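Between the sequences and the hints, there should be enough to build the whole structure, so can you do that?
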Amino acid sequence: MTFVSFPFIIFIAAVALVYFLVPKRFQWIVLLAASYFFYFLNSEWLILLLFATTFVTFMVGRKIGAMQDAGNAAIEAAGLAGKAKKEARSKNKKKTLHVLWIGVAFDLGMLLFLKYFNFFAGNANIILKHFGWTFPKLHLLLPLGISFYTLQAMAYMIDIYRGKIRPDTNLAKFMLFMSYFPQIVQGPFARYRHLANQLYESHSFDYKRMAFGAQLILWGFMKKTIIADRLAVPVEYVFNHSGNYTGLIMFLAVAGYGLQVYADFSGGMEIARGVSQILGIEIELNFRQPYFSNSIEDFWRRWHITLGAWMKDYIFYPLSLSKSFAGVSRVTRKIAGNYIGKKIPAFLSMFVVYFLVGFWHGSEWKYIVYGVWNGCFIMTGILLTDVYAKMRAVTGVEGKISWTVFQVIRTFIIRSIGLFFARAKGVHQALSMMTAMTVKWWDLSFLTQGTLKSLGLDNANWILVITAIIILFAVDYLHEKEVPIRETIAAQPIVFRWIIYYGAIIAVLIFGIYGPSYDSAAFIYEQF
Amino acid sequence: MREKAGIFGRVAVFAVILAVIVQCFVQYPFRSTDYRIPQMLEGIKKEPAQTLDCVLVGASNVYTFWNSIAAYEEFGITSWTYAVPGYPAIGLKNLLIEARKAHPDSVYIISLNGFKKDSFRDVYIHNAVDYFPLSANKLDLIRRLCDDAEIPAGDRLEYILPLIRFHSRWSSLEENDFLHPEANHKGAQMNPGFLTASIDQTAFYVETDRREKISDKMQGVLDDLLAYCREEKLQVLFVAMPQALGTEEAAARINYVCDYVEEQGFDVLNQLHETEAIGIDIQTDLKDRIHTNIHGALKYTDYTGKILAEKFDFKDARQDERAASWNASAEEYRSIINPLLYPFELDGSPRDPGLTFPGQQDVQSAGKGIAVVFSAVPGADGYDLFRRLPVKKNHVPTEKQSWHYAGTVVSDGRDGTYEFRDTEEISVGDSFEYSVVAYRMGENGKEYGRCCYSGNSAAAVLDTPVLLGVSIREDGSRELAWSSVDGAESYVVYKKAEGGKYSKVAVVKDGCTYTDAETDQPEIYTVRAACKGSGGDTVYSDYDKEGVRAE
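As you go down the protein sequences, you meet chains D and C in turn.
In terms of our numbering, the first sequence opens at residue -11 and continues consecutively.
In terms of our numbering, the second sequence opens at residue 4 and continues consecutively.
In short, the hints are calculated from the structure, not lab data.
Incorrect hints may have been included.
[Said to hold, decoys possible] Using C-beta positions, here's what the derived DEER-type ranges look like:
no., chain 1, residue 1, chain 2, residue 2, range
1, C, Ile20, D, Glu32, 35 to 45 Å
2, D, Tyr465, C, Leu137, 41 to 51 Å
3, D, Tyr465, C, Glu178, 35 to 45 Å
4, D, Tyr465, C, Ile20, 30 to 40 Å
5, D, Ile494, C, Glu178, 15 to 25 Å
6, D, Ala40, C, Ile20, 42 to 52 Å
7, C, Arg5, D, Glu386, 54 to 64 Å
8, C, Val23, D, Ile473, 21 to 31 Å
Here the structure is a predicted model, which means the values were calculated and not measured.
By construction, the Cβ of each residue, glycine as well, lies at the ideal position given by its N, Cα and C atoms.
Pasting the structure below:
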């Protein structure tokens, strides 16, 4: 049962109905049952792996919590104060760290084994085969959303270790936190302190909230079925026949892929947020108009926001604030001077972050290159901040609309070109396509020679998808300008309002790509 | 509480309006593209209650074999073919239930041909259910067909909302998808394939006396159908229509089913191997293995209609209040099919299926006329030739393109070929299609043999003048001469320099020579014959491209 299917709509309706009909103290049980049912339908017995991660994470959390409590009680009982108290706490923390490592090793080990074993084995075999030994290739099944729930579980344990949250005491409720169905498919990464209580609390039915949630779901359907799955057709064609094309069409294909992923991923997020909103649960925003970014750094603050936040909290800061990196900083400052030397440890951390961002997307080198591509542009941007500022001052473009437009377009181009690595079959194809893109890039003859029609969409479908993209950007622009679209619609007379709703539903029904006549594409981020 | 009720009400109203919009307006143009289905399934409801003598139910063979207009014209029977392309026998009972909602007291003629196979393609489920109004019967039909095709429960919604399956057609929708032209032809067929196709199915026609038991599943379906007919005390007749089934097994199964139904006390017409009695020509009267074309349909209806008229005491609709509506439909339908029929088909002349059709017909221009060459048919006393304005392949002829008698060639008893030269009423430029039908003289005049429903065509064109040469006269001028062309009213002379293009130099109305005094350089001459064509415009012959050279 995918998000974009009639059974899912019926499922949401049934869950919402039961959720608001049962006594409020049982609402979380309804969600837990629905989440496990949904997961089982999609992954069958791989649900046991989800449960294993949940159980170990829960037990580790409890253990860390119990050790922290015992340690604090001992400090209290001993009446320690000042330095002695600090030392005792530090000692306790070290003890809990061992338990944390067990939990992280289990959760991460499961992810690494299931998702990355063949990648590691394949690379190791390049060397090992010279010694007459190789790892076998395993046909491993990947549980739905493992990349999401594993990182969520790790964040939970680390937050307990850091003393930011108290461990959950109810395994069943924790199971709900780990499996909450709207977000397990493709996020967003939920933080325990933000989501858990919302899931466990009771919620009353609210008509306005339901209407707003339904609007979000509908908007998500439109993005996914009208734009993303339609753009997938020409994009796939060009990437599958990349040897036949050169010039601008290559760029259009990769830019189209970027828009496809955006419509697909953000569409899925709208559906997840919409479903949650109906139930009275607010999940975190994962996109904030990324195509209006003025730099790649800005882009990653607006794109997959919760992944960036996770990387910042659990990789970047721990690394850059670690003792070893402080040591590195001292050395680099001596060698390269204060300005560069101070930045090198941060850049190192950033490199690791974007390496992992790429690696998180998939167990192939191309994803790592994709991550590093983005990291490199960000680091260059930071390094040249002062230079850019001087250039802006000299040219007098600061604050001018044309400068902003230039920045947005520049970011769009850099981001799009980087996607060659994510979409191509491998690094080699990505580089070939990037090279081919530069050949006769000014040649626009493909617009008049029927090339576009040969990519799998007829004229009507091209007109439709271009119109839909314009609407998508118009909506994003209004969001950027903080225009409350849903509130504006809600303030309209009922006839006008309903005409909009009916129009949107009918648009999805007719123009959406779904059902047996289409080979409906899975959500792209479901696979991560 | 009141607030909750208000919210519930609002949601309910929204859902109901949405359902109405989707069900009635949005998905309407997205139903399957075969216009015959709404014509048959929805058209029957427009017939006033108690006005149909009989309703024929089954798959597409039903509406290609039986022609309700012909049955009315010939026997005064009002009938309706309530049938769906590819309809599986599993759903026959549901089809019957649905038809009876509009016409409960009609005689039901049920086709048994569907029992020849055990399974069906799931795409046909749409043909069956898309045009049924939402009802318990429709849901039961969906369940039965989907269960049989092993379609998972989650994928069955598309059968209630066809839009789910067909929405990808949005960019190719056309006017007819919205209008669904439901021509008032009482379910009689008018699609081009049925009207024009004629394909020899001899290789697939299998006859057998054998009986082969059907599968337990189909036996259950059959028993269920018979039980329904018995319980409802329906006046029914089961038929097996003649088809080129391709395999002996299929024919043996239908034989078995016919016997079984008869044993159960029902009336059965097993016509599977009655092509000869019916007069259906397997070579020409089928449009494919299991469907007749219009010619086969008229023969089948004529034969079976006689049986029905004798068996059931139908009141002659031509004599009562139903006549107005049926006459109007017949007139309209005839205007479509009559151009397809030979004059002897229209006037009901006797036929002699023993006479085959003349082979190797060659039609070619013969000056101002057209010559038809054909081979002799053993036993024929003569041959009637028919002509019509040419009809493009798979196009339905218009009234102007009807067959007309062109002439007769009387057989002199020899084998070999005969030639007919058609010159009467033919002008240069006219193009005609010809068909030859052999006949034998019987007691009541000509008895026509088998015939093709299309012919070969040719245009009457002027022959190309033959260039006889250029002679140089004493004064240095050149005299070009050419052969006379039958029917030419003038000749146009062209010349060119070596390597250049021809340009017109003269029009010669008298004689077949032209004298050219302007002779400074070597030149090449050619000539075209010309005359007034049938449309009043000048028609030219071809010309000798090489021409004749003069130094």
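TODO: Please name the hints from earlier in the document that this structure breaks, with their numbers sorted from lowest to highest.
DONE: none
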